[in-house]
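Colleague: Work out the full structure, taking the sequences as your base and the hints as a guide.
There are 4 protein chains.
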Amino acid sequence: MLVVMKKKVIEKKIQAVINAIEKKGCAARLLPAGDRVSIGILHHNGLVKPADFLGLDGVKEVILVAKPYKLVSREFQPENTHIKIGDAVFGNGSFPVIAGPCAVENENQVLSIAKSVKNAGAKIFRGGAFKPRTSPYSFQGLGKRGLILLAKVREETGLPIVTEVMDVETFDIVERYADIVQIGTRNMQNFSLLKRAGTSDKPILLKRGMSATLIEWLMAAEYIMEKGNTKIILCERGVRTFVRHSRNTLDLSVVPAAKKLSHLPIIIDPSHAAGERDQVLCLAYAAAALGADGAMIEVHNHPEEALSDGAQSLYPDQFFTAMKTMKAIHAIIEKK
Amino acid sequence: MLVVMKKKVIEKKIQAVINAIEKKGCAARLLPAGDRVSIGILHHNGLVKPADFLGLDGVKEVILVAKPYKLVSREFQPENTHIKIGDAVFGNGSFPVIAGPCAVENENQVLSIAKSVKNAGAKIFRGGAFKPRTSPYSFQGLGKRGLILLAKVREETGLPIVTEVMDVETFDIVERYADIVQIGTRNMQNFSLLKRAGTSDKPILLKRGMSATLIEWLMAAEYIMEKGNTKIILCERGVRTFVRHSRNTLDLSVVPAAKKLSHLPIIIDPSHAAGERDQVLCLAYAAAALGADGAMIEVHNHPEEALSDGAQSLYPDQFFTAMKTMKAIHAIIEKK
Amino acid sequence: MLVVMKKKVIEKKIQAVINAIEKKGCAARLLPAGDRVSIGILHHNGLVKPADFLGLDGVKEVILVAKPYKLVSREFQPENTHIKIGDAVFGNGSFPVIAGPCAVENENQVLSIAKSVKNAGAKIFRGGAFKPRTSPYSFQGLGKRGLILLAKVREETGLPIVTEVMDVETFDIVERYADIVQIGTRNMQNFSLLKRAGTSDKPILLKRGMSATLIEWLMAAEYIMEKGNTKIILCERGVRTFVRHSRNTLDLSVVPAAKKLSHLPIIIDPSHAAGERDQVLCLAYAAAALGADGAMIEVHNHPEEALSDGAQSLYPDQFFTAMKTMKAIHAIIEKK
Amino acid sequence: MLVVMKKKVIEKKIQAVINAIEKKGCAARLLPAGDRVSIGILHHNGLVKPADFLGLDGVKEVILVAKPYKLVSREFQPENTHIKIGDAVFGNGSFPVIAGPCAVENENQVLSIAKSVKNAGAKIFRGGAFKPRTSPYSFQGLGKRGLILLAKVREETGLPIVTEVMDVETFDIVERYADIVQIGTRNMQNFSLLKRAGTSDKPILLKRGMSATLIEWLMAAEYIMEKGNTKIILCERGVRTFVRHSRNTLDLSVVPAAKKLSHLPIIIDPSHAAGERDQVLCLAYAAAALGADGAMIEVHNHPEEALSDGAQSLYPDQFFTAMKTMKAIHAIIEKK
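Protein chains in written order, with this note's numbering: chain D, 1 to 336; chain E, 1 to 336; chain H, 1 to 336; chain F, 1 to 336.
Hints are computed from structural coordinates only; laboratory data are not their basis. Be careful, since some hints might not be right.
Copies of the same chain look alike in the list, so a pair counts if it works inside one copy or between any two.
[As the list claims (entries may be wrong)] Derived DSS-like pairs: lysine-lysine, alpha-carbon spacing no greater than 25 Å straight-line:
#, residue 1, residue 2
1, K152, K202
2, K23, K227
3, K260, K324
4, K118, K336
5, K324, K335
6, K12, K260
7, K115, K336
8, K152, K227
9, K336, K324
10, K144, K195
11, K49, K118
12, K6, K324
Modeller: Below you can see the structure in the form of C-alpha cells.
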C-alpha cells in the first residue's frame, strides 16, 4: 500500500502518517519524488486498509499495490531511478559501458586493460577478485590482493570499479574497495547476501539468476531495497535453455518488460550470454539498439592466456571498434 | 564429400566426375561458385574415399565434410547465398523488411496495410491464408480466397508476397500465388513438406522450430536443398523457454552462429517472439543492429480487431517510425 | 457448451435438440455415456446461450465448458475412455505394454523380436516403416515393404501393430496395415495430418511434441476428435530441456495432470526420453508405479547393429525381466 | 589422479606416498575402501605424472581421473557411500523416507505431524526454521525458535531432524540442532556455504539447483567433499522448464545418471517438484520404483492452513497410505 502525500506537505504531517502506520504494526518507508512524498507500507499482511490513512492530514490518496514487489515497482515510483557513479549515469537514457577482464590476474594486466578500455570510452572498470567457479580446483581469484589492484586501477585511471561479492563474510572488504558491488547470477537468491547488500551505501549490480523469472529477479531487488539501499542496477546475462550454440540465451525481451514494471535501470552483459567473441559483438550492438541502460563487456589484453573466460573476452582493438559502433547506434535510439 | 574442380574446367571433365560418383552408387550435386565448380557427393554412406576421385582429370582437391549437413554448409559454399525477390535481396548485407498482418481477413484490410507498409519502406508483403492454429475452433484462415486477395495486393502495390503453406496437399496452389513460400515453426520437421518444398522453384522461408537446435534447423534446410531448391531463407522467431514475460525467447545468438556454419541468409521475426507490441519494437532494432539479413514484422491497420495475434501487431504509424530507426541502425552496421 | 439429456430419453428428443443446435449455425456432437446422452455444441463462437436449450424436452442441464479443448475434456466425458486393441485395453486401469524395434529392418529381425516380446508379455508390436529422421542422409525406413513385414508379424504372432504415419499422402496405406496409427512428436501440430487422423477408424497414438504444453497437446487431440475419431491414446516421450545427461526429460507429472483434465488414456515411452538403456529400465518402472495406462518400449535383438536408436533399445532378456518387474509394480498400484 | 595402494599395506608406506605428493606441492586425500587404501591427489594442475608415484613402495597403480569432479566420482570410490542417521541408511539399497512440514510453525503442529509420520514409517523428520522465500514480505521461518522446536520433536519421537541452512552466519547453530543439514536449491552454487558445509561433521542434504546440470551438481558436492565432509546426500527436486502444469519438472533420469558417475546416495523430493498433492503421490511411487535411495515428502496436519507450500503437502492419512505403497514397490525393486 502506498500513501501519497499532497505536494509540499510539511514534515510534521508526514511524520504523523508514519506514526499511524507504525502504530498498526507495519513498517513505513519514505519515498521522495520531486516536490511530493509518498510513504510505502510494508509488511502489512492485510492488517490495514486505505481508509485507515485516507482521512489523515496532508494525505492525497492511498494506492493499493497489486504486485508482490513494491518498492521496485513503477507504481511506487513512476520515474526512472538514476544512478550516478563517476562519469556514468545509469537510467537517464545514456548508455554507459563497463569493461574489463573476467578476473584480476596481476597489476600489469589490469592496468593495461584499464587504459585500453578507458581510451575506448568505457566509464567503469570491472574485474573479479573473488571468483565463483563451478570447480573447487579452478582459479578462485586473488581475493583481497585483487581488490588492492583494482584500487590501484582506479587511482591511476580515475575509473570507478565494479567487482563481485560472494558472501556476507567478505562483504565489508569488497564494499570498502568497490564503487559498485556485484551480486552474481548464482547468488541472485542468496537472501542473506541480498539483505546485507541492502544495508550498504554502495550501488548494487544485481545479475539475473540463470533461470530466474522476471518476477523473481525483481523480488531479489526488493530484498535489497527493503533494507534501505535504493541504488540497484539490474543486469541481464543470459538464461539457461536447451540451446547449445551459445553458453546462455540472452533474453533481450526482459529489458522492455522490466522497464514496464520497474523504475530500476537495466544493463546487458553480452559476454557471459554468448561465451564466444563473435557473438559478443553482435549482442553488444543489439543491446545498444534495444534501449538498455548500459552494457558490461569482458575485455582482455591476452584473451588466449586469460585465467578464465578467455574465449568470450574481446581484444582491446575489437572493443575500441565496438564502442564506436555502440555509440553510433545508441545515438539513433536516443534521438528517437 | 566435396570434389572441387580446377578453375574454368570444361564441361566434359565435370560430367566425367559425376559419372564416376554415380557409378559408385552415390548422388552427385553440382555446386557452381564463380569461375569454379564443385561437386557434392551425397548418400555415400562411407562407400567412397577421396582417392576415388583425386586422380580424375580436372579435379583440384577433395574435401571431407565433417558436418551432418552438407549442402547448406560453409564448407560446401563459402560465399553467402543471395536471394533476390522483387527489390529485396536477402544475404547481401542489406536489411529488407517483410511486413503485413498475421492473417488475411478481407480486401480492404490487406490493401490498406500493404499501402502503409510499402510507404514505410517494406519490400515484401506477408499475410496468412492457411493458418496453423492451436485450436480447431479458432479462425483457420481464408484459404484460397486469401491467396487471391494476396495476388491482388501484389497487383496493386507491386510488393511480392510471402504466405505460409501447411501441407503437401495445398503446396501447389500456395506456390502458384506466393513469391516466397513460408514453412512455419510447427512444420520445421515435417519432412514430407520439406521434400516437397525442395522441388519448388519458389524461395522458401523456413522458420525455426519452437525448440529446434541450430543443427536440427540446418538439417531441415538440408532436406529442402537435397531435393534441389537452393533458395532458402532462415527465420528466427523465438524459442520456448521457462520465461513468462514474452511469448517466446528470441535467440539472437543464433544469427552469428548460423552465419558461421551456413551460407544461407537468416532473418528475424520479432513479432512472434515478443507477443507484445512494445517488445516487438525493441527486438526489431536489436535485429537491425545484430547483422541479420532482414526482418519480418506484423502490422495491422486495426490491431485491436485483428482475427489473430492483434497484441503483437504494430500500428502503421509505429511501423513507419520503426522502419526509419531500423534503417538508420542498419546503415551504421553496414559501414562497419 | 454441453447439453446433458435426461436418462433414457428417446431418440426423437435427442434429434430435436440437435436440430435446434444446428439451426443456430453450430455443430452438434453426440456423446453417449451409459444410459444417458450428452450433446456437445461446437463452433458456437458465443452465438448461443444455455437458455436456448434449457427449455427443450428431455434436457436435464446445460454445462458451460470453460476449457479451450472440449471433446477431450473430463467436463464433456467424466468416465475414462477405454480403447481395446487385441488383448490390450488402454484406459481401464491395466498396463498394456507395446514393444518392438525403432525401425523395421528385415523379416528375420521383426519376427525374432516379436516372438521375444510376445513371450515376455507385450500385447502390441511396434516398428517404424516410415521414419522421420533429422538428416536426409539417414536411413528413412523401408516404407511399404516395412508395412508388409509388420503384417507378417501380426499374422505369425497375433500381435496387433502400431506404426508411425508421417504425412497425409501415406495415411491410407499406413491405416490399412496398422492396428494403431502413431503420430510422432514432430507432427503433433501438423494440423492437416491430425484432421486426416480424425477421419480414420483406427486408434491414434498421439505423441507429445518436444516442447508442447499439456494444453497444446490436448488441443492436438481435440483436432482429431473434432473430426470424429474418439480413439486417441496420448503418449509422453520426454520434453526438451537444458538437461544433458538424457536425450529428453521425461515429464511424469503430465500423467496425473492429463488424467485430471481429460478422459483419454495416456502411456509412457521411456526409450525416447532416456536415449540410454539403463535409464530406460528405471523410467519404465517409474511409469508402472505412476499409474500410467501403459508403456511403449524399444527392444532389439541386436541393439548394437540397429539401424536407428540402438543405444536406447533393450536386449530381449532385459525386456523379459523388465516386464516381470513392471507387472509386479503395477499389481501394487492397481490394488491401491 | 588416484594412487591405489596394495592391499593391507602398512601405515608408514601410505605416509611416504602422502609426503611425496605434498612435496610436489599438491594436496593428498586419504580414501579408505575395505582392506585397501587409495590416495587422491588434488590441486595438481598438471604438475605431477603417474610415474612420480608408480615406483613408490606399496603402490599398486596410479589412475588418471578424467572427470572434473574427483572425490565424488566412481573412479575414486567404486562402492556406494552409505550414510547412516538414526535408523535410516542412505545408499545401501533401502528406501528411507524423510517427512514433515515445509515450515516449523508451532510446537503443536510439529509434534502432531511428527507422530503421524513416524507412525507411518518415516525415519527422519523435516521442517524449515530458516526459510528462503522469494518475497521479503513472506513468512521467513521461526529461526532459532524453530530449531528448538525441532529438537523437541527429536526428543519426544526419537526421529532425527533435517533442516535447511541459509548462510554461513547461521551454520553453527543449525549444525548444532540438526542431524542432517540441508542446502537448498537456490544455494547449490553458494560456494562459501558449500565450503563451510565441508568442515561440518553432520551429513549434508544437497538439493539440486533449479537449472543445474548433473556435472554442476556433482561439482557442488565436490566443493563440500574437498573440505573433508564425505557425508553428502544428493536430492533431486525438479528442474525449471517451459512446463506449466507442475511447479517444476522432476528429472528422474538424473538418478541412474548420477549413480553411474558418483558413489553418493541420491533421493527424490516429489513435493517441490509437483507443487500439487495428487502429483506428489504419483511421483513418490515413481521414485520408489526408480531405485532412488529415499524420498523427502511434505506432510502437514492442516495443509489448507499451512504458512507455506500447503497445496503440495500431503494429509497424514494420505501419507500413511503412500508409505505402504512405496514400501511395497520398493520391495519389488529390491528383490530384482
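Colleague: For every hint, state whether the structure bears it out.
Modeller: Going down the list of hints, with the structure as the test:
In this homomeric assembly, K152 and K202 come within 25 Å of each other (Cα to Cα) only inside a single copy, at 19 Å, whereas the closest approach across copies is 43 Å. For a Cα distance limit of 25 Å, the shortest separation of K23 from K227 inside one copy, 20 Å, qualifies, whereas the shortest one across copies, 50 Å, does not. For the identical chains of this complex, K260 and K324 are inter-copy neighbours only, at 24 Å across copies versus 29 Å inside a copy, given an alpha-carbon limit of 25 Å. Taking identical chains as interchangeable, the C-alpha atoms of K118 and K336 lie at most 25 Å apart only when they sit on different chains, with a minimum of 21 Å there against 28 Å within one chain.
When the C-alpha separation of K324 and K335 is checked against a cutoff of 25 Å, the pair qualifies both within a copy, at 17 Å, and between copies, at 12 Å. In this assembly of identical chains, K12 and K260 lie within 25 Å of each other by CA distance neither inside one copy nor across copies; the values are 34 Å within and 59 Å between. When the C-alpha separation of K115 and K336 is checked against a cutoff of 25 Å, the pair qualifies only between copies, where the shortest distance is 24 Å, while the shortest distance within a copy is 33 Å. Proximity of K152 and K227 under a CA criterion of 25 Å is satisfied in neither setting, with 31 Å inside one chain copy and 33 Å between copies.
In this homomeric assembly, K336 and K324 come within 25 Å of each other (Cα to Cα) both inside a single copy, at 19 Å, and across copies, at 9 Å. For the identical chains of this complex, K144 and K195 are neighbours both inside a copy (23 Å) and across copies (18 Å), given an alpha-carbon limit of 25 Å. Proximity of K49 to K118 under the C-alpha cut-off of 25 Å is found in neither arrangement, the shortest distances being 53 Å within a copy and 44 Å between copies. Proximity of K6 to K324 under the C-alpha cut-off of 25 Å is found in neither arrangement, the shortest distances being 46 Å within a copy and 42 Å between copies.
Comparing the model with each numbered hint stated earlier shows that hints 6, 8, 11 and 12 do not hold.
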